[in-house]
Amino acid sequence: MRMLLCELNRIHSHLIFLGTAALELGAVSMFWYCFRERELIMDLYEMVTGQRMHTRYFQIGGLAEDIPEGFYPQCREFVEWMPHALNDYRTLLDRNKIWLERTKGVGLLSADDAIALGQTGPILRASGVDWDLRRDQPYLAYANVDFQVPVYPEGDVYARYRVRVDEMRESTRIVDQCLRRLERLKGQPWITDDRKVVLPPREELHTSMESLIHHFKIVTEGFRVPEGEVYVPIESPRGEQGCYLVSDGGPKPWRVHFRAPSFVALEATATCTHDALVADLIAIVGSLDAVMGDTDR
Amino acid sequence: MNYTALPGFVEQKESFGETTITIDAAHIRTACAYAREELGFEMLVDLVATDYLGWGSKGVSGYIATASGRDINFPSTQGLQTLPAVKPKRFSVSYHLLALRQPPVRVRLQCWLDDGDELPSVISVWPTADWHERETYDMLGITFDGHPHMRRLLMEDDWDGHPLRKDYPIGGEPVRFSDAE
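The listed protein sequences derive, respectively, from chains A and B. Note that our numbering has the first sequence beginning at 1, numbered continuously upward. Note that our numbering has the second sequence beginning at 298, numbered continuously upward.
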């Protein structure tokens, strides 16, 4: 389920990229089409988590709540619809002369430069480097699903657009595979019953002293994390999202640092704009897909 | 992989499945260049500094017991059960390196600094270090020798202090009786 939501989020992020990047180059209708599908994802999110954005559904040990009734059919509808939407996008843009002329050969980033600049995710793949943490360093259940990693060697804005559209297609496939699996798992617990890290169910508090103690300890103090430092990377829609965490052995972290892909992507602007026109800047920055909230964290 | 040939190599530690190499601060640039050229770590994924001021002392993660364990005679002992291992200096700077190969190899080069120490910049090895180093300077006040424009990145240019230092005031007004000293 977590993987399914991660992939939905990836599609969501790429849709925003596609919509806004095209909008910035004058293709206003793309924006509406992308936001139409984005709305479908938001509806799914709202259904599961109660919120449309900034959801808090993942928890240590599992999920916050069970998957609601009606999620599967609605998600399946989305999975069946999405490939058609992607075909629409391709038709709208791939024969659009303005789009092609403004993206092809613009904002070039060679593979060596991309690596030296620490680029990850779609930008790196659009520069011809076959690298995806979901495949190369699998987390969650990515090792158990079948998907392709799109790679384009051109390193221009157009290649980045192609990578992202292809990724949406692959993500839809992953969502489909997750759905199949989840439908078989209906009725299974959605969170671990390890009371050292997860709150006991409310009704247990009235009858069980241990539950009450566990509840009290987790609420007032939290649980202890072993002393040490770790760096955990995942493949976010924009590239490698890393979390560096230092613990002193207590319930609160000593230091948390996020490696933000947008921060690093924005750094590549200077190299990409080398030999480019000022007017291309908007296409280039759009294609790097840097989000300011991610950049300054 | 053998890391002992890295210039300035001090020690190697394995924890939680990650490798941490401590490097002498003065040699970090040559060590990074060596890691890139000879060991094949093409990418600097992240550069992060941590302030360990007050590490293992009272008042950070709640009440902290003695080095041997909790003090059961003291009421409401929460916080740490034992004191964490002592750190050699105040700041640590970690370089997370990645080798793009199957399977991927990650390593953390770490060096230790006191307040006011300078660290050689690694921009000449990885240009991506530019903003990371500026952010580190901005947040923790660690300066990098050889950085072309060591200015603030996230905070305003005329900002006072470095927000992620542990001695940076976190705001609020002193209230009477709040401190039982």
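Because the hints were derived from the structure by calculation, they are not lab data. Fair warning: there could be bad hints in the mix.
Stated by the list, open to error - Examples of chain A residues lying across from chain B (beta carbon under 8 Å, computed):
no., residue
1, Y231
2, V246
3, D280
Claimed, not checked - Calculated Cβ distances over 10 Å to all of chain B for the following chain A residues:
no., residue
4, R38
5, I67
6, P200
7, P201
8, L205
9, S208
Backbone N, C-alpha and C define an ideal beta-carbon position, used for all residues, glycine too.
Hint validity - Y231(A) Cβ closer than 8 Å to any chain B Cβ: 5 Å, holds
Assertion that R38(A) lies outside the chain B interface [Cβ separation over 10 Å]: Holds: least Cβ distance 29 Å, greater than 10 Å.
Proposed interface contact between D280(A) and chain B, which counts if any beta carbon pair is under 8 Å: Constraint on D280(A) not satisfied, violated at 21 Å.
Separation of S208(A) from chain B, once the least beta-carbon distance is taken, above 10 Å: The assertion about S208(A) holds, with a minimum of 22 Å to chain B.
Non-interface claim for P201(A) versus chain B (Cβ beyond 10 Å): 25 Å, holds
Verdict on P200(A) as a residue remote from chain B, using beta-carbon distances over 10 Å: Fine: 20 Å to the nearest Cβ keeps P200(A) off the interface.
Given as non-interface: L205(A), partner chain B, CB spacing beyond 10 Å: The claim holds: L205(A) sits with its nearest Cβ about 21 Å from chain B, beyond 10 Å.
Per-residue hint verdict: V246(A), partner chain B, C-beta under 8 Å: 6 Å, holds
Non-interface label on I67(A), tested against every C-beta of chain B at 10 Å: 31 Å, holds
The structure fails hint 3 only (numbered hints given earlier).
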